[in-house]
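With chain Y's structure known, arrange chain Z on it following the hints.
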Amino acid sequence: MFRKMLLASALALAIAAPASAQSPVRVKFGVLSDMSGIYADATGQGSVIAAQMAIEDFQASQKGIQAEVVGADHQNRPDVGSNVVRQWFDRENVDVVLDTPTSSVALAVSEVTRERNKVFLNSGAASSDLTGSACSPNTIHWTYDTWALANGTGGALVAEGGDTWFFLTADYAFGHALERDTSNFVTSKGGRVIGAVRTPFPSSDFSSFLLQAQASRAKVIGLANAGGDTINSIKQAGEFGITQGGQRLAGLLVFDTDIHSLGLRTAQGLVLTAPFYWDRDDATRAFAARYEQRHPRRLKPTYVHAGVYSSVMHYLKALEKTRSAADGAKMVAEMKAMPTDDPLFGKGEVRQDGRKIHPMYLYQVKTPAESRGAWDYNKLLRTIPAAEAFRPLRDGGCSLVRS
Amino acid sequence: MMTFTIFGVSSVALFGQLLLGLINGAFYAMLSLGLAVIFGMLNIINFTHGAQYMMGAFVAWMLLDYLGIGYWPALVLAPVIVGITGVIIERTMLHRLYKLDHLYGLLLTFGLALTIQGLLRNQYGASGLPYAIPDELRGGTNLGFMFLPNYRGWVVVASLVVCLTTWFVIERTKLGAYLRAATENPTLVQAMGINVPRMITLTYGTGVGLAGLAGVLAAPIYSVNPNMGADLIIVVFAVVVIGGMGSILGSIVTGFGLGVVEGLTKVFYPEASATVIFVIMVIVLLTKPAGLFGRNA
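Top to bottom, those sequences are chains Y and Z.
For the first sequence, our numbering assigns the number 1 to the initial residue and increments by one for each residue that follows.
For the second sequence, our numbering assigns the number 1 to the initial residue and increments by one for each residue that follows.
If you are wondering where the hints come from, they were derived from the structure by calculation, not from laboratory data.
Certain hints may be false.
[Claimed, not checked] What follows is a set of in silico ranges between Cβ atoms, one per label pair, in the way DEER data are often shown:
# : chain 1 : residue 1 : chain 2 : residue 2 : range
1 : Z       : Y66       : Y       : Q66       : 40 to 48 Å
2 : Z       : I234      : Y       : S399      : 36 to 44 Å
3 : Z       : L67       : Y       : E56       : 23 to 31 Å
4 : Z       : A272      : Y       : R394      : 21 to 29 Å
5 : Z       : N122      : Y       : G346      : 48 to 56 Å
6 : Z       : T141      : Y       : S399      : 50 to 58 Å
7 : Z       : F278      : Y       : P296      : 34 to 42 Å
8 : Z       : A181      : Y       : R91       : 55 to 63 Å
[What the hints assert, rightly or not] Sample of chain Z residues at the chain Y side, in silico, Cβ under 8 Å:
#  : residue
9  : A132
10 : F147
11 : P149
12 : Y151
13 : E271
Beta carbons are placed, not taken as given, at the ideal position from N, Cα and C, and that holds for glycine.
With the rest of the complex left out, here is chain Z:
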């Protein structure tokens, strides 16, 4: 392999860091995708998203600890369970707010997030709970430029598949066409005989389920703790703002892209790695207020 150095960092190390950035980007992409879907369809800024991601990880842990259900079934079960809680939240609370200003939805979901985090913290503490990598994905592969843990490889593949499927469903299928139409003009779509409220409920459930899925994928990597979502969600909101509120493709591309940018910052100036995304957000807002992929309202 040809090697060279950039600012004292060898190309070999750089490739490793790029790949790691992509892996972290996978989480940003999956979470911002759910947020974008929910915002696009419901006009709700879902601040509970981080808590729902955390719930995905917790449900996976509970399935294992209380019922002995392992990682692979949890990968399906946990998002469904978290999705159902989302449906309940939408039916009992959120649907009352659609006619009001965005701010109300934001406050409600933010309050919910704090409540869920607080309850789980009381019950399980802040240190986190152990959740092991499934045996099939233990170990790693030496790629020459880095040691890639098999599990991280799986995360990238899984999240790419999920992201592209979601994009395909919304942009290229009939169901997606209904959804998009219902966002533009719900009354007209309802007049055509489509049950718009139910569609909206299921959309929220699906968006939340995506967060839950990301949570299950994260459980073996990060410590499963009540704050894991709160730490991430702020970054993910920045990703959504940079990508353009409501843009599906935008959130996917920006998610992966910013993961890589953050990864590179961790090599060249690690102290700034927690802030670099917000710096980019400021620049994007100043130059392209609707976001990189957003349509100007």
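Next comes chain Y alone, as it looks inside the complex:
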């Protein structure tokens, strides 16, 4: 018995020897996402790929960091999501939860992460409450939020004379937050919200709701929904001649994968706000080309995927300093202390309330004639500088913000 133990410890020492100067730091990332539902293409498996790419590009193993990525499907349900995350934390030694679209799930996961003092780097969810009333010292909201979308797309349409709005709102935390933030924005600019209809999530038939929006005679119909819901509402709005009737559609949250699914003939002319577009510059194009190679269906990355990449990159930089993933709040504090810099989002910072700051871009979907082929979808209208792109720190009501 004793001999066996001796042998085992000798063996363990032998394996550990090459890195003996500094024992490797272990970290495990869990990509919690919609792997099969209406958000799966914009987030899902692609986020696992993006996380792996970040680890490789950071050359983690050369820097003495042993990083691992696992993935799970939350089926867009908060109960499923928080159960997976509890199991990850308690039994599978996951240190960092990534992506997590669907705001209701994200808000639940943020709570669990705080309880267990781990790290939550959210890229996929939109609700600005994650860095507002529900902010947490363990959560960073990386890529975009409802306030930024309202500010970008809402701002552009109000500026063009769209001063009366009617909302089709997905009936859960995300839709409500997007409707609220956009309404606030519209009214602050002197516009009016005439009405809103709460649509069950997810829905496939929007004709009835579109008819109500049409009857309201609002100049702008705001789609406070995402993924499959947005695809179906835009497709059916075309059928009911909404835009021919003089009303404008505001797709408040539109991913490139949605445009891909709709086709340019249906999607052309839409104005959208995004923090990242694969065809923006050489760096993003290079990233997209590598990502596409690894994607089983050869899709281009959405901004959610880019956000996962960027957040993992920054986390690893912080981990290289702290050399321990054990204390989640400490890791997040370190990430806030360091400026961010990566090829996809450029230079930026993580604010006290957990909001990652970078520029946003206002795009318009090209016409079929303007497009040079598959995935050539957006033309840049305007860059919204980082300082104006997100909700001012003071306005969010986050308890972490010192006045």
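Just chain Z now, with coordinates in the frame of chain Y:
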């Protein structure tokens, strides 16, 4: 036109919503009809029905994308192709289960549905694929109380014709009489020289083909995605339960009727529009367990 308001909703808007409800009801009717036929004749609760509806839409998309075959030929081809896959499923798997409890058929078809959805999701993703409305049916007509897209008008007409034809064939023709007789007493009907197993196979194929047809009709309206059937099939099962398992006419009338009820809910209390059909199902089960048009067993 005379106009009035009900709970703050003008009659003009209401007529529009009623018509839309009828259009959605057309899909419920066509799908629940296929389910009712299959349950009535085979005693199989066909959980694959939603996946087969989705396959109809996918086959239409594939015909267009890979072979350049447009909407109108697809309207015939896709249901036939989906029907043939149904025949294969019946011959190789389902026919082994007739002597067993309903539950086995249900589990088998449910498993098949998940498999088909999963395979297509892997291949084509979850966002859906674009399928345009055929040029002949683009645009719409202003009815005074609403703008009716021509394509939706076509869907109602087509589904009414399909439903009534199916009802007529089963209830009013000799072939239908054989079918009904074979359901009651297969041994006796076989003794009269009728090939009952083949008839059952073809019935399943036809029921499945109906789902495929509904799928082709839906392709230009909804995004063609692997989950489109799963979302719908639960509602359609509720429709079948409300109408009465196995009742052909019941499933048609309930399909259209519940489409209208759902449409009205979308106006007065949209948040509940996804649940209203299930509330009705509960009430019907409590008061008339065999369904509105079902015979008490």
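Hint check:
1. Z:Y66 / Y:Q66: 40 to 48 Å: Distance hint for Y66 (chain Z), Q66 (chain Y) holds at roughly 46 Å.
2. Z:I234 / Y:S399: 36 to 44 Å: Given a distance of about 42 Å, which is inside 36 to 44 Å, the answer is holds.
3. Z:L67 / Y:E56: 23 to 31 Å: violated, 41 Å
4. Z:A272 / Y:R394: 21 to 29 Å: violated, 39 Å
5. Z:N122 / Y:G346: 48 to 56 Å: Given a distance of about 35 Å, which is not inside 48 to 56 Å, the answer is violated.
6. Z:T141 / Y:S399: 50 to 58 Å: holds, 57 Å
7. Z:F278 / Y:P296: 34 to 42 Å: holds, 37 Å
8. Z:A181 / Y:R91: 55 to 63 Å: holds, 60 Å
9. A132: With a minimum Cβ separation of about 7 Å from chain Y (threshold 8 Å), the hint on A132 (chain Z) holds.
10. F147: holds, 6 Å
11. P149: Since the shortest Cβ distance to chain Y is 5 Å, the answer is holds.
12. Y151: At 7 Å from the nearest chain Y Cβ, Y151 (chain Z) passes the 8 Å test, so the hint holds.
13. E271: Since the shortest Cβ distance to chain Y is 5 Å, the answer is holds.
Hint compliance for this structure: hints 3, 4 and 5 are not met, and every other hint is.
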